[in-house]
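For reference, the chains in residue letters:
2 protein chains.
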Amino acid sequence: MSADLAQLVTSIAQRARAASLVLATIPTARKDAALLRLAELIPADSTELLAANARDLADAEANGLAKHQIERLSLSPAKLEHLAESVRQVAALPDPVGTTLEDWTRPNGLRIRKRRVPIGVIGIIYEARPNVTIDCAILCLKSGNAAILRGGKEIFHTNTAFAALITRALAETGLPADSVQLIPTTDRAALNTLLKLDTLVHCIIPRGGESLIRFVAQNSTIPVIKHYTGVCFVYVDKAADLAMAENILLNAKTQRPGVCNAAEQLLMHADIAAQALPRLAAALVAKGVQLRCDPASAAILQKVPLAHAAAAAADFTAEFLDLVLAVRVVPDLETAVATINRDSSGHTEAIVTEDSAAAAAFQLAVDSAVVSWNASTRFNDGFEFGFGAEIGISTDRLHARGPMGLNELCTYKYVIDGSGQVRT
Amino acid sequence: MSADLAQLVTSIAQRARAASLVLATIPTARKDAALLRLAELIPADSTELLAANARDLADAEANGLAKHQIERLSLSPAKLEHLAESVRQVAALPDPVGTTLEDWTRPNGLRIRKRRVPIGVIGIIYEARPNVTIDCAILCLKSGNAAILRGGKEIFHTNTAFAALITRALAETGLPADSVQLIPTTDRAALNTLLKLDTLVHCIIPRGGESLIRFVAQNSTIPVIKHYTGVCFVYVDKAADLAMAENILLNAKTQRPGVCNAAEQLLMHADIAAQALPRLAAALVAKGVQLRCDPASAAILQKVPLAHAAAAAADFTAEFLDLVLAVRVVPDLETAVATINRDSSGHTEAIVTEDSAAAAAFQLAVDSAVVSWNASTRFNDGFEFGFGAEIGISTDRLHARGPMGLNELCTYKYVIDGSGQVRT
Numbered sequence: 001m002s003a004d005l006a007q008l009v010t011s012i013a014q015r016a017r018a019a020s021l022v023l024a025t026i027p028t029a030r031k032d033a034a035l036l037r038l039a040e041l042i043p044a045d046s047t048e049l050l051a052a053n054a055r056d057l058a059d060a061e062a063n064g065l066a067k068h069q070i071e072r073l074s075l076s077p078a079k080l081e082h083l084a085e086s087v088r089q090v091a092a093l094p095d096p097v098g099t100t101l102e103d104w105t106r107p108n109g110l111r112i113r114k115r116r117v118p119i120g121v122i123g124i125i126y127e128a129r130p131n132v133t134i135d136c137a138i139l140c141l142k143s144g145n146a147a148i149l150r151g152g153k154e155i156f157h158t159n160t161a162f163a164a165l166i167t168r169a170l171a172e173t174g175l176p177a178d179s180v181q182l183i184p185t186t187d188r189a190a191l192n193t194l195l196k197l198d199t200l201v202h203c204i205i206p207r208g209g210e211s212l213i214r215f216v217a218q219n220s221t222i223p224v225i226k227h228y229t230g231v232c233f234v235y236v237d238k239a240a241d242l243a244m245a246e247n248i249l250l251n252a253k254t255q256r257p258g259v260c261n262a263a264e265q266l267l268m269h270a271d272i273a274a275q276a277l278p279r280l281a282a283a284l285v286a287k288g289v290q291l292r293c294d295p296a297s298a299a300i301l302q303k304v305p306l307a308h309a310a311a312a313a314a315d316f317t318a319e320f321l322d323l324v325l326a327v328r329v330v331p332d333l334e335t336a337v338a339t340i341n342r343d344s345s346g347h348t349e350a351i352v353t354e355d356s357a358a359a360a361a362f363q364l365a366v367d368s369a370v371v372s373w374n375a376s377t378r379f380n381d382g383f384e385f386g387f388g389a390e391i392g393i394s395t396d397r398l399h400a401r402g403p404m405g406l407n408e409l410c411t412y413k414y415v416i417d418g419s420g421q422v423r424t
Numbered sequence: 001m002s003a004d005l006a007q008l009v010t011s012i013a014q015r016a017r018a019a020s021l022v023l024a025t026i027p028t029a030r031k032d033a034a035l036l037r038l039a040e041l042i043p044a045d046s047t048e049l050l051a052a053n054a055r056d057l058a059d060a061e062a063n064g065l066a067k068h069q070i071e072r073l074s075l076s077p078a079k080l081e082h083l084a085e086s087v088r089q090v091a092a093l094p095d096p097v098g099t100t101l102e103d104w105t106r107p108n109g110l111r112i113r114k115r116r117v118p119i120g121v122i123g124i125i126y127e128a129r130p131n132v133t134i135d136c137a138i139l140c141l142k143s144g145n146a147a148i149l150r151g152g153k154e155i156f157h158t159n160t161a162f163a164a165l166i167t168r169a170l171a172e173t174g175l176p177a178d179s180v181q182l183i184p185t186t187d188r189a190a191l192n193t194l195l196k197l198d199t200l201v202h203c204i205i206p207r208g209g210e211s212l213i214r215f216v217a218q219n220s221t222i223p224v225i226k227h228y229t230g231v232c233f234v235y236v237d238k239a240a241d242l243a244m245a246e247n248i249l250l251n252a253k254t255q256r257p258g259v260c261n262a263a264e265q266l267l268m269h270a271d272i273a274a275q276a277l278p279r280l281a282a283a284l285v286a287k288g289v290q291l292r293c294d295p296a297s298a299a300i301l302q303k304v305p306l307a308h309a310a311a312a313a314a315d316f317t318a319e320f321l322d323l324v325l326a327v328r329v330v331p332d333l334e335t336a337v338a339t340i341n342r343d344s345s346g347h348t349e350a351i352v353t354e355d356s357a358a359a360a361a362f363q364l365a366v367d368s369a370v371v372s373w374n375a376s377t378r379f380n381d382g383f384e385f386g387f388g389a390e391i392g393i394s395t396d397r398l399h400a401r402g403p404m405g406l407n408e409l410c411t412y413k414y415v416i417d418g419s420g421q422v423r424t
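Chains A and B, in that order, are what the protein sequence lines are. With the first letter of the first sequence counted as 1, position 302 gets the number 302 in this note's numbering; the numbers rise by one all the way through. With the first letter of the second sequence counted as 1, position 69 gets the number 69 in this note's numbering; the numbers rise by one all the way through.
None of these hints come from the bench; they were simulated from the model. Fair warning: there could be bad hints in the mix.
[Claimed, not checked] BS3-like, lysine-lysine: derived pairs with alpha carbons at most 30 angstroms apart:
1) B:Lys226 with A:Lys114
2) A:Lys196 with B:Lys226
3) B:Lys153 with B:Lys79
4) B:Lys114 with A:Lys114
5) B:Lys238 with A:Lys114
6) B:Lys196 with B:Lys67
7) B:Lys79 with B:Lys67
8) B:Lys196 with A:Lys226
9) B:Lys226 with B:Lys79
10) B:Lys226 with A:Lys226
11) B:Lys79 with A:Lys226
12) A:Lys287 with A:Lys238
13) B:Lys226 with B:Lys114
14) B:Lys67 with A:Lys196
15) B:Lys114 with A:Lys238
16) B:Lys287 with B:Lys238
17) A:Lys79 with A:Lys226
18) B:Lys67 with B:Lys153
[What the hints assert, rightly or not] Rough simulated footprint, nothing fancy, chain B against chain A, three-plus residues with beta-carbon under 8 angstroms:
19) 62-70
20) 161-172
In this text the structure is predicted, and so the values were computed from the model without any measurement. Built from N, CA and C at the ideal position, the CB exists for glycine as well.
Input sequences plus hints: build the corresponding full structure.
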């Protein structure tokens, strides 16, 4: 049984590798044709898709999943139409493959071009969102990569129905049917096999909770691009415009508190804390935010008085993903930077200041993927960057950092043109 | 004891992380000053360095190492002068850090800049070459990275002496002394600890034999950039200029057979095999190359007659690193491409042809880091590319592929300038 499973996964990877070599050379128009066919098939096949989804929803209910969890699993005709539209949008994006990134000629006459090419075979490990199968498949396809998808068991029937539709769109438009394959089991042993196939699979992208990502990172011999969530900081400098600071803080904390680029902590410059913190805190509390304060900020809010709690040590490195904000007072910009570089997750940080030298010092020294000056942390996002799509937001440093769009799903190769040169 | 070792390595990594945050913001002139001081210290301290090296050489002799292995370990005043010169050369290279890679403004007015920054902390695991400690230290330093070095036991005393010298150069020029640290033991347990410190160390580069690289790749939870050796192919097309093909083949196979970008296999187009192979084979045999032939090429050489051996199956995927060349006849370019994509290691391949369409098809479809047209495979090299230095030749696809110079030792971050923008 386990040997069968290993053989099955290996065979999937071998076929993905073969498909990837074909995909890497296929012109843009043929990839787009497959995407547009898929966009047609999604609403056309809505009955089957919704029936498969209904099976997952019934299982979820039987297994006692919470209402908001079940809601996350569910499809609807409107959601399918939205999904089809996102497929058309990816088809309309420029093809990243084949772009010349650099082009130079050596003194010996060799012309060297650095050319963007697909990574090859990408394994995507994800959990229970029904749109991920389509999202990942289309981004991999557009960027010329073969995809091996391994979704969560809660959404297995839905994923299987989507995968069948993708295979149909590929076959109908003459692309390799193995370009996108779903592992037809959620058995952990299959995942373990996949994570060791480093001669066939070139990159693993885990999408989901921290424990899934950690499991993948610890068990994979294939390079992993991790998408951990964020502990993002907003530093309000002594030279901040307070109206702007309030606006940015409210947006960063409350617009969508459950996402990775939401703010989790406020650092307040001591010189203006007594004046500014009551105003900022009042605005946050009015939006339902619970403040977890260090002694200095607590002392200020106590005087006002304004609702707040004493922070525990763990709050200063916590990702709340909720209407909770840790608050600390710092004596200067240097301490703000050092605090961030020690306690943040390196995802996204913001400084609010009218002092351009302070902003430049902050942007130089803060070691995070995105460092914003006078803008919400929420802009660390592929769409907001203008990438047109994103497969996630990388918290790694190698290969891709921050929003990962189509370009980041590619690598490069060097193409050298000579006239008989040899090395001496 | 083992707990002490783990604590020691963890402390090294923590100090490296702290040093990396300082290094990332240090101006070019200060990094160069440290490098130039090191270049002075190497010849000035030659007595101590050669004494340390003599201890390693004595151990090597006592342990019965072969003469060529001992030769690889040995330093001399001339080698030290050469090493000092390489340090001066790296100091003279442009600083990769801080370069703006992209710069655009979004419709909402946000200006986004993609800026090259150091990776952070890089762990380099290597074996017995005495120059690697200096080479890796200076490339990491120039690119603003902190380095943790773990060398082989055969060269331990030499490495320790070099590391002391680097620390002195750093201290004398006011750079963090922890910017470059040597793990002061070759105990495997220390390496195992290092490979799991993924919150402190951002990248591992193993340099050495395949078994070392494999061990590191399988045991590291830190991203690894692998530098496997190469199984490189030369394909002689039916439209090849035979004089050029002979020149390129001889260079690729015999100029330095023990390196990763040397050719290991010849694919010969069937249409010209009967005419061309005897000539090419005679030139190779005259240079002492042993040919391991498939039946088709053997049949041709039998008629000439010319010395050759029948290839075993393993020869067609072998890295000989010696004056041995596998030879096969292929019916067409498509088969050449498919053979390479199946049997090569994806390092470097070359086509020899006067047909530009054939060259373009080959360069499009061959899935290797470097694909050359009418040039020797030996050009896959950081110096030959004009990078001025290289830390190795990556056989990975993510982050760096092919020659890795200073730019490839960097990642990027996004710096956003706003005027109060929030997400709606």
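Going through the hints against the structure:
1. B:Lys226 with A:Lys114: Roughly 20 angstroms separates the two Cα atoms, so the pair holds.
2. A:Lys196 with B:Lys226: The hint holds at about 16 angstroms.
3. B:Lys153 with B:Lys79: Since the Cα atoms of B:Lys153 and B:Lys79 sit roughly 21 angstroms apart, the hinted pair holds (cutoff 30 angstroms).
4. B:Lys114 with A:Lys114: holds (19 angstroms)
5. B:Lys238 with A:Lys114: holds (27 angstroms)
6. B:Lys196 with B:Lys67: Violated, at about 36 angstroms.
7. B:Lys79 with B:Lys67: holds (18 angstroms)
8. B:Lys196 with A:Lys226: holds (16 angstroms)
9. B:Lys226 with B:Lys79: This hinted pair holds, its Cα atoms lying about 27 angstroms apart.
10. B:Lys226 with A:Lys226: holds (19 angstroms)
11. B:Lys79 with A:Lys226: violated (43 angstroms)
12. A:Lys287 with A:Lys238: holds (24 angstroms)
13. B:Lys226 with B:Lys114: holds (26 angstroms)
14. B:Lys67 with A:Lys196: Violated - the C-alpha atoms of A:Lys196 and B:Lys67 are around 39 angstroms apart, more than 30 angstroms.
15. B:Lys114 with A:Lys238: Distance ~27 angstroms between B:Lys114 and A:Lys238 Cα, so the pair holds.
16. B:Lys287 with B:Lys238: holds (24 angstroms)
17. A:Lys79 with A:Lys226: Roughly 27 angstroms separates the two Cα atoms, so the pair holds.
18. B:Lys67 with B:Lys153: Answer holds: B:Lys67 to B:Lys153 is near 17 angstroms, not above 30 angstroms.
19. 62-70: Contact hint for the segment 62-70 of chain A vs chain B: violated, 0 residues under 8 angstroms.
20. 161-172: Result for this restraint: violated, n = 0.
Violated hints, in rising order: 6, 11, 14, 19 and 20; the structure is consistent with all others.
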